[in-house]
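J.: Keeping the supplied structure of chain A fixed, place chain B upon it in accordance with the hints.
Protein chains: 2
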Amino acid sequence: MTVDRSLSDRLSLNQITTDQWNLEQAVDGCLRHEIPWISVWRHKIEEIGLKQAKKLIQDAGLSVSSICRGGMFPAATAKERGERLDDNKRAIEEAAELGTDTLVLVCGPSAGRDIATARLQVAEGIDHLVPYAKDYGVKLAIEPLHPMFAADRSVINTLNQASNIAERYQPSEVGVIVDVYHVWWDPQLYQEMDRAKGRILGFHVSDWKVPMPDMFKGRAMMGDGVIEINRMRQAVEQAGYHGPIEVEIINQSLWDRPGDEVLAEVKQRFLEHV
Amino acid sequence: MTVDRSLSDRLSLNQITTDQWNLEQAVDGCLRHEIPWISVWRHKIEEIGLKQAKKLIQDAGLSVSSICRGGMFPAATAKERGERLDDNKRAIEEAAELGTDTLVLVCGPSAGRDIATARLQVAEGIDHLVPYAKDYGVKLAIEPLHPMFAADRSVINTLNQASNIAERYQPSEVGVIVDVYHVWWDPQLYQEMDRAKGRILGFHVSDWKVPMPDMFKGRAMMGDGVIEINRMRQAVEQAGYHGPIEVEIINQSLWDRPGDEVLAEVKQRFLEHV
Chain A
1 MTVDRSLSDR
11 LSLNQITTDQ
21 WNLEQAVDGC
31 LRHEIPWISV
41 WRHKIEEIGL
51 KQAKKLIQDA
61 GLSVSSICRG
71 GMFPAATAKE
81 RGERLDDNKR
91 AIEEAAELGT
101 DTLVLVCGPS
111 AGRDIATARL
121 QVAEGIDHLV
131 PYAKDYGVKL
141 AIEPLHPMFA
151 ADRSVINTLN
161 QASNIAERYQ
171 PSEVGVIVDV
181 YHVWWDPQLY
191 QEMDRAKGRI
201 LGFHVSDWKV
211 PMPDMFKGRA
221 MMGDGVIEIN
231 RMRQAVEQAG
241 YHGPIEVEII
251 NQSLWDRPGD
261 EVLAEVKQRF
271 LEHV
Chain B
1 MTVDRSLSDR
11 LSLNQITTDQ
21 WNLEQAVDGC
31 LRHEIPWISV
41 WRHKIEEIGL
51 KQAKKLIQDA
61 GLSVSSICRG
71 GMFPAATAKE
81 RGERLDDNKR
91 AIEEAAELGT
101 DTLVLVCGPS
111 AGRDIATARL
121 QVAEGIDHLV
131 PYAKDYGVKL
141 AIEPLHPMFA
151 ADRSVINTLN
161 QASNIAERYQ
171 PSEVGVIVDV
181 YHVWWDPQLY
191 QEMDRAKGRI
201 LGFHVSDWKV
211 PMPDMFKGRA
221 MMGDGVIEIN
231 RMRQAVEQAG
241 YHGPIEVEII
251 NQSLWDRPGD
261 EVLAEVKQRF
271 LEHV
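So the protein sequences, as listed, match chains A and B. Using our numbering, read the first sequence as starting at 1 and increasing by one per residue. Using our numbering, read the second sequence as starting at 1 and increasing by one per residue.
Here chain A stands alone, though its shape is the one from the complex (with noise of 0.2 Å):
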């Protein structure tokens, strides 16, 4: 038992999980089932404004664990890749006036055909960002998403590629994600969890189910996949985070049922299966 408390203790909700609930439903469902963090997403707090987000998640004495999302760096000319940069500081004010340390970054995609060229802007964008988001208290959080995201979402698709850009700065400025639906079949998963050892700012849970329902909307609840996740949450605690765990599923049919009978499954399929 203590050691399942200590783990629910480290439970967040990626507020994704319950995108048919805003942020107050969200904010009040966590209270109910006595989840004790979560990540907040910019989109539901644009809904009510930073002021009265913040409002919600201080009176109900929640911590959160991540902001979503910043990055999207890529853009064919430099006029746009200043207006995603300016973006990018308002998620870091967001960040900072909700609370946390932690600003998610989707890289983004290529604007065009060459790849190479959007990784390096995204590392540009990131350089531009550190000294901002240093004086904020944030941290910028590198997520690598899955290589079929490549096109559409993020040219950053491994731990390794994230490190590379990580390493070049402090760990109290820049480090990465672990979510277990983007790197579980990663061939060099074990090794770059613990090179990243000291920079893992985030554990993300999910799961990979075949035959997989859409790519974008098609991630399962905990145990009803094939991916290691126990083994995961081992390896990255031997990489020494011990932080929350956020709870990240977009799946429609989660959003198709009542948030209440989400956050109960959920919370128990985290106790058998992370």
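Read the hints as simulated data drawn from the structure, not as lab findings. Given the structure is predicted, the values throughout are model-derived calculations rather than measurements. Just so you know, not all the hints are guaranteed correct.
Copies of the same chain are indistinguishable here, so a pair counts whether it falls within one copy or spans any two.
[Stated by the list, open to error] Keeping only pairs whose Cα atoms sit at most 20 Å apart, straight-line, the calculated SDA-like set for lysine to any residue is:
id : residue 1 : residue 2
1  : K54       : K89
2  : K217      : D152
3  : K44       : D19
4  : K209      : G112
5  : K134      : L85
6  : K209      : A111
7  : K209      : A75
8  : K209      : R113
T.: Same frame as chain A, now just chain B:
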């Protein structure tokens, strides 16, 4: 025109591109469209028998670039793994009989959650097959599949993994296939193509289009997506590969069209974008 001529001489129809056709129809189609090579799938051979398949291809004067496919090595029990090896031996015999020296290996998914063990079982399976293939003058061509197929089709997902296995043998025994759809996203792509010098046994083309209609049957026609196909062709040529180039497009919408219309488009796009 010299360049185009030498390119069109390398065009191979991977038979899955016209899955609406049986082997006889595909062979006739290649003749009508002056496509000199064909890659034959085993389920199409089975429909008419090996002897008849051989006669059709020989009478037409087509060359066989490869046979698809062996592999599928991992299984839960030693008995099942033995049966998979037996099936691979039949595939080797069929390749030799049809006059190709290239057996494409789609290595197979894990029987359970343990992907590391499945990867060892792939290496063991190949190790068992090498002497048998050598006796028949057939090379084993390891095709890394996109990481999105790690759970259901192959635990070999990068050129790095494929070369790690291939390099245990002579280049005349084991090599790799470069399929643009599977490897275009890989940050190590050009290094790994260079490393595979002398071991590239095939080059497959299609494209990656956003949004993808289906993970398995969603490959696009060359030119419709984001892949730098021509840059990759130059890289495989620098790595010593000047053999046939297979057009392998697994897409339901192509199968719903008349095969002749598909072949005409294949040929045009091949010359424009490969």
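J.: Checking against the hints above, which ones are violated?
T.: none
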